[in-house]
Structure formats: structure tokens, C-alpha cells
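Input sequences plus hints: build the corresponding full structure.
Under the numbering used here, the very last position in the sequence shown is 135; numbers go up by exactly one each time.
Bear in mind the hints are in silico, worked out from the structure with no lab data behind them. Some clues are possibly wrong.
[As the list claims (entries may be wrong)] Across the chosen pairs, the derived CB separations fall in these ranges:
#  : residue 1 : residue 2 : range
1  : M51       : G10       : 32 to 40 angstroms
2  : P94       : E131      : 19 to 27 angstroms
3  : T38       : L68       : 15 to 23 angstroms
4  : C20       : H57       : 39 to 47 angstroms
5  : T124      : A19       : 37 to 45 angstroms
6  : M51       : H119      : 39 to 47 angstroms
7  : H119      : I84       : 18 to 26 angstroms
8  : P69       : M1        : 16 to 24 angstroms
9  : P92       : L130      : 14 to 22 angstroms
10 : T55       : C20       : 32 to 40 angstroms
Note that the Cβ used here is the ideal one computed from N, Cα and C, for glycine as well.
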Amino acid sequence: MTIALAAADGRLSLQVCAACGAVQYPPRECCHVCLSETLEWREQDGAAELMAVTTLHHSYDPYFRARLPWSIGLARLDAGPSVIAHLHGRCPPPPARVQIGARLDRAGRAVLIAFPSGHARTLTDDPRLLELCLP
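Laid out in C-alpha cells, this is it:
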């Protein structure tokens, strides 16, 4: 299992150390806490605190350049790690509770998306994110 395989099903899965229980992101070959190599992929609920938001007004990537401005945010998962995620258009400003979900983008890479807390983790009401991700 990898983050991309879980994202293909719309699930968020992260590495968890079997030795000490630490949850880590991004994926690594060993635990960032105890250096154990016994890591398992486990589904996460994605509950998080949105801590900061920024809006990109410049990009070297042709896809994003054509869609600027683009908002991303820093969220601390209740499970421990902090992640950078694309923001759903209905996300409130920080500090705010959000749900982090994983999807595949049109290139087949896993991307993280912050949804407003209590919002269904669907992209149907955000055309920009719907265009970014595979159906």
C-alpha cells in the first residue's frame, strides 16, 4: 500500500511505525522517531487544524500558471504530521478545523486536499479541484 494506492480510492493512508506508533508524512524508509524500519500503511481519518493559508500568484508549472491565483494551506493532522494541501473553495480561514483527503491528480500522483470540517469529501462543488483530480 502507498499513499497513491489509497488516494486512488479516495482514502488517506499514512505510514505508522509498528514499533513506537508514530505517524509520519512524507513517507520514509524508517521511522522519524525511533528509526525502526517496520512501517505500516494505515488509513487516517484526516481530522486536522488549518494553521496557515497562502495564495500563489506565480507558478512555473504550466498547469497552475493558467489557473492562478491558487490557494494552499498548512494543516496539522490530529494524528501528528503537518501537511501542505490544496484548499477546497469553502475552507474557512485559519485557525479552523478541516478534513484532509487524498485524491489522484490527472497525472496519477497523490495530492492532499483540505475540506471544511463536516463537509462531504467530494469535489463536485469546487470546479478547480474537480478539474485537478481524476474522477
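Structure-based check of all given hints:
The given range of 32 to 40 angstroms is broken by M51 and G10, whose C-beta atoms sit roughly 24 angstroms from each other. A C-beta distance of roughly 25 angstroms is found between P94 and E131, which places it inside the suggested range of 19 to 27 angstroms. Our hint of 15 to 23 angstroms for T38 and L68 is violated, since their Cβ atoms are close to 43 angstroms apart. Distance hint check: the CB atoms of C20 and H57 are about 41 angstroms apart, consistent with the given range 39 to 47 angstroms.
Taking 37 to 45 angstroms as the suggested C-beta distance range, the pair T124 and A19 conforms, at roughly 41 angstroms. Between M51 and H119 the beta carbon distance is about 18 angstroms. The supplied range of 39 to 47 angstroms is therefore violated. Between H119 and I84 the beta carbon distance is about 19 angstroms. The supplied range of 18 to 26 angstroms therefore holds. The beta-carbon spacing between P69 and M1, approximately 35 angstroms, falls outside the hinted interval of 16 to 24 angstroms.
Distance hint check: the CB atoms of P92 and L130 are about 20 angstroms apart, consistent with the given range 14 to 22 angstroms. Between T55 and C20, the C-beta spacing of about 37 angstroms keeps the proposed range 32 to 40 angstroms intact.
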